[in-house]
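**Student:** Work out the full structure, taking the sequences as your base and the hints as a guide.
Take a look at the letters that make up each chain.
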Amino acid sequence: MPATTLSTLIERLRKVVGPEGVLTSQSDLLVYECDGFTIEKNKPDVVVFPTSTEDVVQIVKVCNELDTPFLPRGAGTSLAGGCLPVGGGVVIALTRMKRILHVNCRDRYAVVEPGVVNKWLSDHLKPHGYHFAPDPSSQGACTIGGNAATNSGGPHTLKYGVTVNHVLGLELVMPNGQVVHTGGAAEDQPGYDLTGVIVGSEGTFGITTKLWVRITRNPEAYRTLLGVFETIDDATNTISDIIGAGIIPAALEMLDQLILQAVEAAYHFGFPLDAGAVLIMEVDGLEAGLDADAERITQIAKKNRAREVRKAGTESERLLLWKARKNAFGAVGRLAPSYCTQDGVVPRTKLPHMLREIHRIGTHHQLRICNVFHAGDGNIHPIVLFDERDADQVKRVLTASQEILEECLKCGGSVTGEHGIGVEKINFMPKLFTPEDLMMMTRLRSAFNPEGRCSPGKMFPTAGACIEPSKAGRKAAL
Amino acid sequence: MENPTDTLPSLIPATIIQPESVAELGDIVRQAVGRKDAVFPFGGRTMIDFGLPPTRSGIGIDLRSLNQVIEYPARDMTITVQAGITLAELQKILTKENQRLPIDVPLADLATLGGVVATNTSGPRRYGFGTLRDYVLGINVVNDQGHEVKAGGRVVKNVAGYDMCKLYIGSLGTLGIITQVTLKLKPRPEEHALAILDCTPQSLGPVLDQLHVSRTRPVCIDVLNQAAVRAINQQNPGLLPETAPWIVIVGFEENSQAVIWQIQQLVKERYQTGRGLDVRFGSAADPPWQAIIDFPHRPKANLSFKANMVSSATADFCLRVGTLDPEIKIQAHAGNGIVIGHFVDKLTINEAREMLKQIQAWATADQGNVVVLHCPAEWKRELPVWGAPRADAWLMRVVREKLDPHHIFNPGRMG
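One line per chain: the protein sequences are S and U, in this order. Residue 3 is where the first sequence starts when you use our numbering, and the numbers rise one by one after that. Residue 31 is where the second sequence starts when you use our numbering, and the numbers rise one by one after that.
You may find that some hints are simply not true.
Said to hold, decoys possible - Derived BS3-like pairs: lysine-lysine, alpha-carbon spacing no greater than 30 Å straight-line:
#, chain 1, residue 1, chain 2, residue 2
1, U, Lys432, S, Lys63
2, U, Lys216, S, Lys161
3, U, Lys126, S, Lys304
4, S, Lys305, U, Lys216
5, U, Lys410, U, Lys66
6, S, Lys412, U, Lys298
7, S, Lys43, S, Lys397
8, U, Lys410, S, Lys212
9, S, Lys128, U, Lys216
10, S, Lys212, S, Lys128
11, S, Lys100, S, Lys128
12, U, Lys66, S, Lys305
13, S, Lys161, U, Lys376
14, U, Lys214, S, Lys328
15, U, Lys432, S, Lys433
Note that these hints are calculated values from the structure, not bench results.
**Tutor:** Pasting the structure below:
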């Protein structure tokens, strides 16, 4: 961006949000050069912090007038480069729009600003016996606006559904600065379900400034089981058998031996370090009948040669188990300086095959890969360990990741279950969809974002081609 | 069962083609575009008079020959089927694997999956199981260029690309012709039961409030007024208790232990708020359950509406609407704030307009709206069939303009 334009931009943004709401120094901008996908980086020109819908409208108008690309950002915990400022421009950080505006338990909804951290809402609802069901592992940091942008999942989405199943309405600042309100607190609003298609659009339709979300009654009781297996095969066969038997647990998560080492070192839960894999299997609901469900699951695990099936005896033991699971990615630092995680999905019966393939691919590329994932959904998260200072390793990581995702597609699956396409998986879109499929999606995008100035370079190989910057943040490696 | 909409041919053109393959369907669409004809897809025609009449002429496309199962990996609990399959046939296939799609569809023998998706049909169980947007994993449509295009996929979790399935659900065939759908399935419950609670106008609200905080977790909370009960009982004598002005039907589905416990618990809670509770267990629950699923299609009415609102407003809304006409038949999915009403055959259009205006005001005050489900075709241009204009209606039009720029799919249907 020419220096004169940049200084005009900064000056005008400061007028909108005040000097404390604009970051411009190179050291400050460094924080915003990537999200949880650290392989590609590019600094924005400016980061701006609105505190109201009106601020967002004004910011968007300034960007349009100065022909500057912009994109929304929450906590930056996304894992596919969704908030990577490809080609620079303005990052609109929504973390200061963090108010829970309204809670209505009788009608089971809440109205929140996009910067509200996922867990804050559930904590806020706890005294009333409610929670916000989507529970990504990053829920202590990620924002609800970000959850909606990427249509986040989490361990308990197996039973409760992903973010879109819990978003009733949105207020969106369109890329031209117009404010639109879709859906609402009441179900079945007439007309197209615009809310449903804006969720998961990864910031390419505009900036969400308010969300009407469904809140869910807490289950009366839980049974949380830890199945210990000698081999990954036995664990994955158990998953396949549980689903095949028609049981939908609240959560069904797998951790393999390598990740167990790291998690145990960090959280001291008492995981068996010699086990090939463990499954966290949780059923919830009414107290009545819950033991029967837990018993059926235990029997299936034992039939698949589980060494033991432990039951979390107390609520604190259950919480520690979940803390260990949800913070598993944080413990990966004990294994390697860098990691890259994938988010493929396969039909659940293909899990045993898929895990064997991951192992084969890792061995072939001399890479260590550990696995901790939403097994019940068939949503794998192989974590490829490496050192980003070693260019050859980086290259092998990218090749291995590519091969893993190719295999998911061969199994009839998808390349992303909950992290999104971002920039990371753009090149897979033509493998998942035909040119005609993609054309329908780009036509839809043009209804919201005709000039492509909002979140350019995302989701589609040709996205925002007209303003694709010369200084791309994309790496040739992809 | 009689199809109540057989007598309403006005929304389907005289020329009808029934393609035998998706390729043939693609050709039909391309040819229609070439002739500047519109196309009007349909299935079992159970909801064919929903929405506004066409604004252009064209050809009807009967999709019932596209009714094949493409893939049913039962152990993955998903199925991919063509859109022309009837819901009854689909459920029959799923039952063999002890699975189901937990969406209640009236006239399931006639209604096709494509039609159900296009109209976003739901019923009493939506309180426990949600609606189609929670079950549709992937959709194929034939687009305005005659290409079959897909959105979503075949696995239970997938965020690749825009989730255009959400747009197609409830789009009434205005964005493309649905040819194939992939669904997420649920296991059939081990046990089920219904509890029927008698209510007075005074107790209806408190009973619904109590159910909201009950320790039980119902999968259905439906309300019927006495006129609705009588209409149901006319076809099934003695099926539902007729003496109370209102009844609340509470459904449970889970393993047997949980269902038994919930019925016992509900009885306990009930005796704190009133008397009158009738329990139907297992197969005895099936006939009344089926009756409330089919009810939206049963009454002979010249004006039927569906109102939505926040759920706490349901009881008051039902009571108010009940005062408009002593013979109005009312059913509510009370846990979801959905109220369906049928006025009997004696309204004039002016009366209908006045009624709708009043009902609209009540629903809007509780964050909802009112759409006309059914009325004489000649009233449609005069009545607010799609309710009060929504603030995002302009954006919906832009979306449609992008996906159907030549206005070939059901033009005019959604206003």
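**Student:** Could you work out which of the previously given hints the structure breaks and list their numbers from low to high?
**Tutor:** Hints 6, 8, 12, 13 contradicted; others consistent.
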